[in-house]
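Spelled out, the chains give:
Protein chains: 2
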Amino acid sequence: MGSGQPRGRGGARPTLEQVAARAGVGRGTVSRVINGSPRVSEHTRAAVEEAVAELGYVPNTAARALAANRTDSIAVVVPEPESRFFAEPYFSDIIHGVGAALAETDMQLLLTFAGGDRERRSLAQYLSAHRVDGVLLVSVHADDPLPDLLRQLGIPAVISGRRSADEPLASVDSDNFAGARAAVGHLLDRGRRTIATITGRLDVYGAQRRLDGYRDALTEAGHPVEESLIARGDFTEDGGRRAMTELLARRPDLDAVFAGSDVMAAGARQVLREVGRRIPDDVALVGFDDSAIARHMDPPLTSVRQPITEMGRTMTDVLLAEIADTRPAGTRHLARQQIVLPTELVCRASS
Amino acid sequence: MGSGQPRGRGGARPTLEQVAARAGVGRGTVSRVINGSPRVSEHTRAAVEEAVAELGYVPNTAARALAANRTDSIAVVVPEPESRFFAEPYFSDIIHGVGAALAETDMQLLLTFAGGDRERRSLAQYLSAHRVDGVLLVSVHADDPLPDLLRQLGIPAVISGRRSADEPLASVDSDNFAGARAAVGHLLDRGRRTIATITGRLDVYGAQRRLDGYRDALTEAGHPVEESLIARGDFTEDGGRRAMTELLARRPDLDAVFAGSDVMAAGARQVLREVGRRIPDDVALVGFDDSAIARHMDPPLTSVRQPITEMGRTMTDVLLAEIADTRPAGTRHLARQQIVLPTELVCRASS
DNA sequence: ATCACACATGGGAGCGCTCCCACCCTACCC
DNA sequence: GGGTAGGGTGGGAGCGCTCCCATGTGTGAT
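Protein chains in written order, with the numbering used here: chain A, 629 to 979; chain B, 629 to 979.
Just so you know, the hints here were simulated from the structure itself, not pulled from any lab data.
Be careful, since some hints might not be right.
[What the hints assert, rightly or not] To give an idea of the chain A side of the interface with chain B (calculated C-beta under 7 Å), a few residues:
hint: 1; residue: Leu694
hint: 2; residue: Ala696
hint: 3; residue: Gly727
hint: 4; residue: Leu738
hint: 5; residue: Ala742
hint: 6; residue: Arg759
hint: 7; residue: Ala894
hint: 8; residue: Ile921
hint: 9; residue: Ala977
Predicted, not measured: the structure shown is a model, and the values here were computed from it.
Glycine included, each C-beta is placed from N, C-alpha and C at the ideal position.
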C-alpha cells in the first residue's frame, strides 16, 4: 500500500546507495545507469530504473559536483550598475533565449551581479572557485578585466557583443554594421540627403560599428561624410536630447536622423517636436533595437531589429559546446567562434 | 618570490586543509573562522585570515553544501510559457530588486524556468532535491500546483502577487485596490462621469482587485457601477483592442477608460484613434504599471506605478528571513508575512 | 594547592557522489 | 581443454567541507 509512492513527506531523500540496495546492485552500477553509461546490461538497467522511479530518486547535485568537479550550471554575469541594462528589454530577451537553450539540457542558470569593485572581486573569486562550468558575459565594456580573468582561469566563456574586431573570447553579436547600413540606405531611398546620426558611447564596439555602417552607406551612395552631422550620445534618452539639440544648432538643414538606439531616438524626437519639426515630414527618424518603445512612439519608430533572444540562445549553444569540448581532458579542439547574427530593418511611420 | 600571490595559474585551488597547515592550526579552527564563529581567539583568527589571504582561499561551495545540507542560494521560478512575462518590464525590475537585496548577502541567485509540464515536474524534483534554500515565485496562476508543493516540502517560499485573499504562502504584492481607486478617483476629479474599465484576466487576483478598486471608487463617489462599462481583457495589446471595440459599441457615450495594464491601454488607444476619438479631449485614458511604453505613448499615458523593484527586494528580504528562521532546527517562529506595497498614480497628458 | 568549569582547539566521521581498479563470468580462440 | 580477451559489476578511495566530541589550557572559587 503506497510503498511505491514517489516519496512521502519532506523526509530524507533517497540516496544512490538506497537505490542500489533496492535494485540489488552495487553503487557503481546505479551511477552508470544514472549517467547513461553504455556499460550496463539491458536487464540491470531496467531494474535500476524501476528502483529509481519507485523511490523517486533525484541525484544530490552538491555531492555530484564535489565528486565530479563540475556543477552542471552556467552563470550569466549581469553588469548591474548600468541601470540601462535593466531598463532596456535587452536583459529580458537575452535571458529568454538563454533559458530556451538551457531547457533542452539539464544545466542550471545562475545570475550573478558584477556591480562595483567589491562585487567584481568576489565574482572573480566565485568563478575561480569553479562553481560554474561556464560563463556568459553580456554588455561588457572595452576595459573590463573580467573576460581576460576568465581566459586565464581557463573557464569557458562567451561574450555578447564583442569588444573589438579581434575579440579573444568566443562571441555572439548582431550585425551592427549591416543594420546601420540598411537604416541609412533606407533613408537615402526615401530621398533624404542630409542625414545626421547620433552615436552611442564609442567605447562600445557595437556603437562604433553602427557609426561605421552609417559612413559606409553614405560613401557607397556617393555622399560625403560630414563630421558636422555626427553627434555623440551615450545611449540614454537625455543623451539623445542633447545630441539632437547640438545637431540642430550645427545643421539646421538636416532632413533625417539615424539614432544608435531607440532610447536616444526618443530623446531626439522630443527635441524635434519642441522645435516644431514634424516627423517624418520635416525630419525622418530611425532608431536601433526595435524595442517596445519603438512600436509605441509617436509616430511609430522605424528601427533596426536585433535578434536578441536568438543571441541569447546562440551564446548558450556556443558555451555548451565549449564546455563539452573542455571536458574530455582540458584539450580544446574547437575553434573560437565569432558569430554575427543578421539584423532587420523594421519600417514604420517615422521615416 | 611571489609566494604571497593570490594563486598562480588555473591550477589547483587551495583547500581548507592547506589553509590550516599554513596557519598552523586545525581544520576545525579554519572552518570556524571562515564561518564567523565567535569561539576563536583573536590571535588565531588573525593568523588564519592571513593564511586565507595569502593563498587566495575560497571555500568550495559544493563541499559546503554537501556537508552542511544547505546551498546558500535561492531560486526564482520564471513561468516561461507566458511570453507576457518577458515582454513586460516586470521581469527585469523584479530581478533587479532581488539582485539588490542579494548583493548584501552571499547568497546566489538561480533562475529556473517552469515551462510546460515536463519542466514543472523536473523543477519539483529539483527543488525537492534541496538544491536551493528558498524559492521566489513570480506571476503564479491561481491553479498552479507549485506553491502547495513547496509548502508540503517545507521549502521556504515567497510569492509575488498573492493568489487569493488568504494566500497560504508568504507574499508581497502591490496595492492594486488602492491603485485602481486612485486612478478612477483621478478621472472623477477631472470631471469624467462615464468611466469604463478594461480588466485583466480575472483569475489573476491582482486584476480582480483592480476591478474592485474601480467599483469602490465609483460607489464611494455616489456613482452607480454599470456592467456595460466593464470589459474583460487579458493583459495583451490585442485584448485591449478587442475590449475597447466592445466598449465603444456598447457605450458610445463613455468619456474615460481605466485599463488594467499599460499594454491594454496601448491597444485601447489604437482603437480610439482609429474611430477618431481624441485623447484626452474626448476620452481620458489611464493605465496600470507605468511601464516604459506609458512614457513614450502618444499622448504620454497616465498610469499607476507599482514599485516592482521594491517588491523584488522585499520578497527577497522576507525569504531570507524565512530561511534564517528555518535553519535552527526546523522550528518556525515567524508569522507568515503578507506585505502590500503602496502604488502611486503618475499623471501625464492622457487624462 | 585542588577542583571545577569555560573556553579554545584538533581531528574523526561522515555528507552522497564519481572514478577507477579489481574481480568475475562468459564467450571465443588455438 | 586451457588460455585469453573483454564486457559487466562491486566497492574502496576520495572530493572538501561541517559537525561534534574529545582534548588541552587557563581562570577563579574553595
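### Task
Sort out which numbered hints this structure fails and list those numbers smallest first.
Structure breaks hints 2, 5, 9.
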